[in-house]
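Same order as they appear, the protein sequences are chains F and Y. Here our numbering is used: the first residue of the first sequence is 69, the next is one more, and so on. Here our numbering is used: the first residue of the second sequence is 69, the next is one more, and so on.
Because the hints were derived from the structure by calculation, they are not lab data. The reader is advised that the hints may include incorrect statements.
[Said to hold, decoys possible] So the derived list for chain F, only partly shown, Cβ under 8 Å to chain Y, looks like this:
hint, residue
1, E71
2, H72
3, L75
4, S89
5, V110
6, D112
7, R115
8, E116
9, G120
10, G151
11, F153
12, S154
13, R160
14, R170
15, D195
16, V199
This one's a predicted model, so the numbers in the text were calculated from it and none came from an experiment. C-beta: ideal position from N, C-alpha, C; glycine also.
Protein chains: 2
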Amino acid sequence: MDEHPALVVIGHVESPLTEPSLAPRQGSEGAPDAWLVFRDAVRDGLRELSVGDEIIVLTWLHRAARDTLRVHPRDDLSRPLTGVFSTRSADRPNPIGLHPVRILEVEDGVRFQVRGMEAVDGTPIVDVKPVIRASGT
Amino acid sequence: MDEHPALVVIGHVESPLTEPSLAPRQGSEGAPDAWLVFRDAVRDGLRELSVGDEIIVLTWLHRAARDTLRVHPRDDLSRPLTGVFSTRSADRPNPIGLHPVRILEVEDGVRFQVRGMEAVDGTPIVDVKPVIRASGT
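The following block holds chain F by itself, in its conformation from the complex (with noise of 0.2 Å):
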């Protein structure tokens, strides 16, 4: 079995945030408004997603530190050193970020803009999932 699996990147977050250590650690904490601008090849995946659908949003942290398996959550140093699948911190072997976002317009068809993104400008996208009702797809 392939140990190591491969993404390709599908899209890329446009945010005005561009310094990691600015960003909120959660969407929900004021994050800002974000564009995803998805790759023409991937077209055909995104086109019943419409405004006012919930997503979640997976992203490669691609500056995180993959080697850090310990961190104090929040970066606050009061707190006790915590193992990383206890946290939501981006430093961990493989660092994806889950972004439950609303799709707040569409452009084009590879354009989304979404409310409540705290991912940096340039953070790759490699997913978007439906949130899961009761109904379930």
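Put chain Y on the given structure of chain F with help from the hints.
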């Protein structure tokens, strides 16, 4: 920027489910209990996880078809073809599975029995995150 980031496999699922076509679509649809078995190399990152914790397990659905962009949701041919990013289909450019589960038992710091895991036996694990509550970590 690296357009093909490589994941590292941090563990595997041990489950009585061996046949993808017989696995439930979501963990809430009758999935059996399973074991998450992690590599010793990530032990330090797991230390604070304990029985009763609700976590999100991220897997690499290694049997998926990565060139699929449109599917009939839940393989129901009566439902129209839909973009994969509006569905939870495993077939998608980056087949990352999200599995919300609860920890039932911990053995030796690297084996975690969980409830409601629909991934088949041998599925690679790539990350674990806490379910975010109001306080946030």
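So, going through the hints one by one against the coordinates:
1. Hint status for E71/F relative to chain Y: holds, with the closest Cβ pair at about 5 Å, below 8 Å.
2. Interface restraint check: H72/F against chain Y, minimum CB-CB distance 5 Å, threshold 8 Å, status holds.
3. The beta carbon of L75/F comes within 5 Å of a beta carbon in chain Y, closer than 8 Å, and the hint placing it at the interface holds.
4. For the restraint placing S89/F at the interface with chain Y, the shortest Cβ-Cβ distance is roughly 18 Å, beyond the 8 Å limit, so the hint is violated.
5. Of the supplied interface hints, the one on V110/F holds, with its beta-carbon coming within about 6 Å of a beta-carbon of chain Y, less than 8 Å.
6. The interface hint given for D112/F is met, as the beta carbon of that residue sits about 4 Å from the closest beta carbon of chain Y, less than 8 Å.
7. For R115/F, the interface hint holds, the least distance from its beta-carbon to any beta-carbon of chain Y being 5 Å, beneath 8 Å.
8. Interface hint status for E116/F: upheld, as the beta-carbon distance to the closest one in chain Y is roughly 4 Å, under 8 Å.
9. At a threshold of 8 Å, the smallest CB-CB gap from G120/F to chain Y is about 13 Å, leaving the interface hint violated.
10. Taking 8 Å as the C-beta cut-off, the interface hint given for G151/F holds, the closest approach to chain Y being about 4 Å.
11. Interface restraint check for F153/F: the shortest CB-CB distance to chain Y comes to about 4 Å, inside 8 Å, so the restraint holds.
12. About 4 Å separates the beta-carbon of S154/F from the nearest beta-carbon of chain Y, less than 8 Å, and the hint is met.
13. Below 8 Å, beta-carbon pairs count as interface contacts, and R160/F has one with chain Y at about 7 Å; its hint therefore holds.
14. The closest approach between the C-beta of R170/F and any C-beta of chain Y is roughly 14 Å, which is over the 8 Å cut-off, so the hint fails.
15. Because the closest C-beta pair between D195/F and chain Y is about 5 Å apart, less than 8 Å, the hint holds.
16. Contact between V199/F and chain Y, as hinted, is not supported at the beta carbon level, the nearest pair being about 10 Å apart and thus beyond 8 Å.
Hints 4, 9, 14 and 16 from the list above are not met by this structure, while the remaining hints are.
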